[in-house]
Amino acid sequence: MNAKANKNQGSCIEPSYYQAVTKAIRTQAVQILKEGTVAGLVGYLPGRRKGTARPALITTPEEAEKLIFSPACVNNLSVYLTKSKKGVLKQGRIGIVAKGCDMRALAGLMGESQIKREDLFIIAVDCAGVYGSGAERSETVTEANIARKCLECSVHHPEGADFVAGSATDLSGLTPLEAEEMARIEALPQAERWAFWKEHFSRCIRCMACRQVCPFCYCEQCLCDKNRPQAVESSPRPAGNTAWHIVRAMHLAGRCGGCAECERVCPMDIPLNLLNRRMAKELKELYDYEAGLAPAEKGPLTQYREDDDQSFIK
Amino acid sequence: MPQIITEENLRNLIDLLVKESKVVVGPKETGSVVLYQPLTAGSDLRLDSLPRRSAKELFFPICENILTYQRQDGKMQVTDVDRSHFPETVLIGAPPCDAASPAILDAVFSWDYNDEFYLERRRKSTIVGIACTKGDDACFCTAVGLARDTEAGSDLFLTPLKDGSYGCKAVTEKGKALVDAHAALFGEAASVDAALFVEQGTEKLDLAKIKNWLEGHFEDPLWEKIADICVGCGSCAFICPACHCFDINDEGSTEQGSRRKHWDACGFSKFTNHASGHNPRDVQNKRYRNRIMHKFKYYDDKFGKTLCTGCGRCVRACPVGIDIAEILSTINAKQD
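As given, the protein sequences belong to chains A and B, one line each in that order. Residue numbering for the first sequence follows full-length UniProt numbering, beginning at 1 and increasing consecutively. Residue numbering for the second sequence follows full-length UniProt numbering, beginning at 1 and increasing consecutively.
Treat each hint with caution, since some may be false.
No farther apart than 25 Å at their CA atoms in a straight line, the calculated lysine to aspartate or glutamate pairs in the DMTMM-like style are these [what the hints assert, rightly or not]:
1. Lys134(B) / Glu139(A)
2. Lys86(A) / Asp149(B)
3. Lys169(B) / Asp193(B)
4. Lys66(A) / Asp137(B)
5. Lys83(A) / Glu224(B)
6. Lys295(B) / Asp112(B)
7. Lys176(B) / Asp15(B)
8. Lys34(A) / Glu65(A)
Looking from chain B toward chain A, a few residues come up when the C-beta cut is under 7 Å (computed) [stated by the list, open to error]:
9. Asp137
10. Leu214
11. Phe218
12. Leu222
13. Ile226
14. Gly234
15. Ala317
16. Pro319
Don't read these hints as lab results, they were simulated from the structure. Every residue gets a Cβ at the ideal spot worked out from N, C-alpha and C, and that includes glycine.
Just chain A, same shape as in the assembly (with noise of 0.2 Å):
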């Protein structure tokens, strides 16, 4: 499989190479459960409608035989090491299937020492990319259904993974439409910008998908359960929302990965991943910093420096 091969710009990603990586998968994931090296693995088994995969936890070679890597793995698995799940995988090294984006997640779970590296056995994908939320789920990935964050994506060649699945494929070329959608919103005018987060926000019915999904969401107490005081309102009405939406995207400036679940789960098709590229954007403009990239114990939100810039203060 070089590089040429897999060339996606226009065309498609040959079913060949998922196909290629689900084997690599599996023969590494019976490996190291035969061998005891982890005690469960979280990975994709298909789904039973077409074109469909959903998240597994593992624990026998035997199961591991049916794991799939396919279009239709889009979940980021990294939310199932976190403690909202916590009892529900065995107890000891843990394997997990992630790819480039979801492994942006695991380094910020470590940076913020919610998983250990040493407890962990990473089965990379060098990924060629996801279905898009509601697009055609045909045998190929094309930039017609491909989803958006894989037009821009810059970690789809994972490194310091204990194994990588797949190689080289290339995803230049692709039009960035998250990006133009971003730059168009920022240049709307200030009333129009809130009309469009107006709009989206009437639609939402608080179902919680884009926090329970989130890997960094993982605190045990969310500010938007409590009700005495309630901070936020919980019930579904313009005021509460916003605010929700508003204390999501703060929470997750300079922690965000970048997966873009949050959008992908909302069943109201609000475009999440446009606010966390904008607290993304600023966190890169104001402190050079991009979350995830490698483990960091602090982030520029969560130290405080003599020289910090004060200048916000008036």
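Place chain B on chain A using the hints.
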């Protein structure tokens, strides 16, 4: 002679009803999604896609005030919501998986307590259902006992015909009244030729057998197997036509505010959290088990109805691919 209404007259009917100051709700494009929304004109109606949220919100809104309070001169004034102002509403374009749900929910909202917020809206509503002409591999209405042409729950039922018009059948007095009041828009046809339906691939389930298995398997490893991957969000419950749990919150300041009733979901970790701190459904497995038990056992025990219409919304929306049709099929195949 069968009655019909042309596509044009169906849209004219909406225009007329709007002129009569009735609230007409139907599938409408809203941002990037189709939702049941008030239609301002017949041209707003979209019949080519299942709305993202179900039609239950017409009767059981996402959030509503049930009272307001205000403190004046040290005295608290509490004001009830005037339900007589709820508008006469016509719901147009609900497929059987949505049209059937209010009739299922009537039982629970008029059981040990009459929920007048829900019931008053039901009294003032007319449901125009429409036979479904397409399904996808998430749909499973036929598996839970409904069909593409189930009239149950509809007051007036439309069947798309091959020539683009709709066959009409008044199922209830409300439906007949709607047709009689606008008789000029309805015509008669010598014969009707219904549009074809793409059959779903899902098998027919034995709901009695499934219920029987659930009765004997409150503690079963299956629950852990399924729910281990559940992330505990409320998307399945919120977009479900039949889920009806709600929470009540007082929101506002000490001076003024509202008591609000809004959607809640059994998947949330705090759903059954007691004031003592004890939580009988302390892990996701128990919460997911409750979801299945409620739909296919408890509701049937109490009201003789299944709390699922097979619309497939939860299957499509689950962030982690939990597939209720697959789970039911697994249980259906079990021998003990």
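Hints versus structure:
| no. | hint | verdict |
| --- | --- | --- |
| 1 | Lys134(B) / Glu139(A) | 22 Å, holds |
| 2 | Lys86(A) / Asp149(B) | 46 Å, violated |
| 3 | Lys169(B) / Asp193(B) | 14 Å, holds |
| 4 | Lys66(A) / Asp137(B) | 22 Å, holds |
| 5 | Lys83(A) / Glu224(B) | 18 Å, holds |
| 6 | Lys295(B) / Asp112(B) | 19 Å, holds |
| 7 | Lys176(B) / Asp15(B) | 19 Å, holds |
| 8 | Lys34(A) / Glu65(A) | 12 Å, holds |
| 9 | Asp137 | 4 Å, holds |
| 10 | Leu214 | 20 Å, violated |
| 11 | Phe218 | 20 Å, violated |
| 12 | Leu222 | 14 Å, violated |
| 13 | Ile226 | 11 Å, violated |
| 14 | Gly234 | 4 Å, holds |
| 15 | Ala317 | 5 Å, holds |
| 16 | Pro319 | 4 Å, holds |
When the structure is compared with the earlier hints, violations turn up for hints 2, 10, 11, 12, 13 and for no others.
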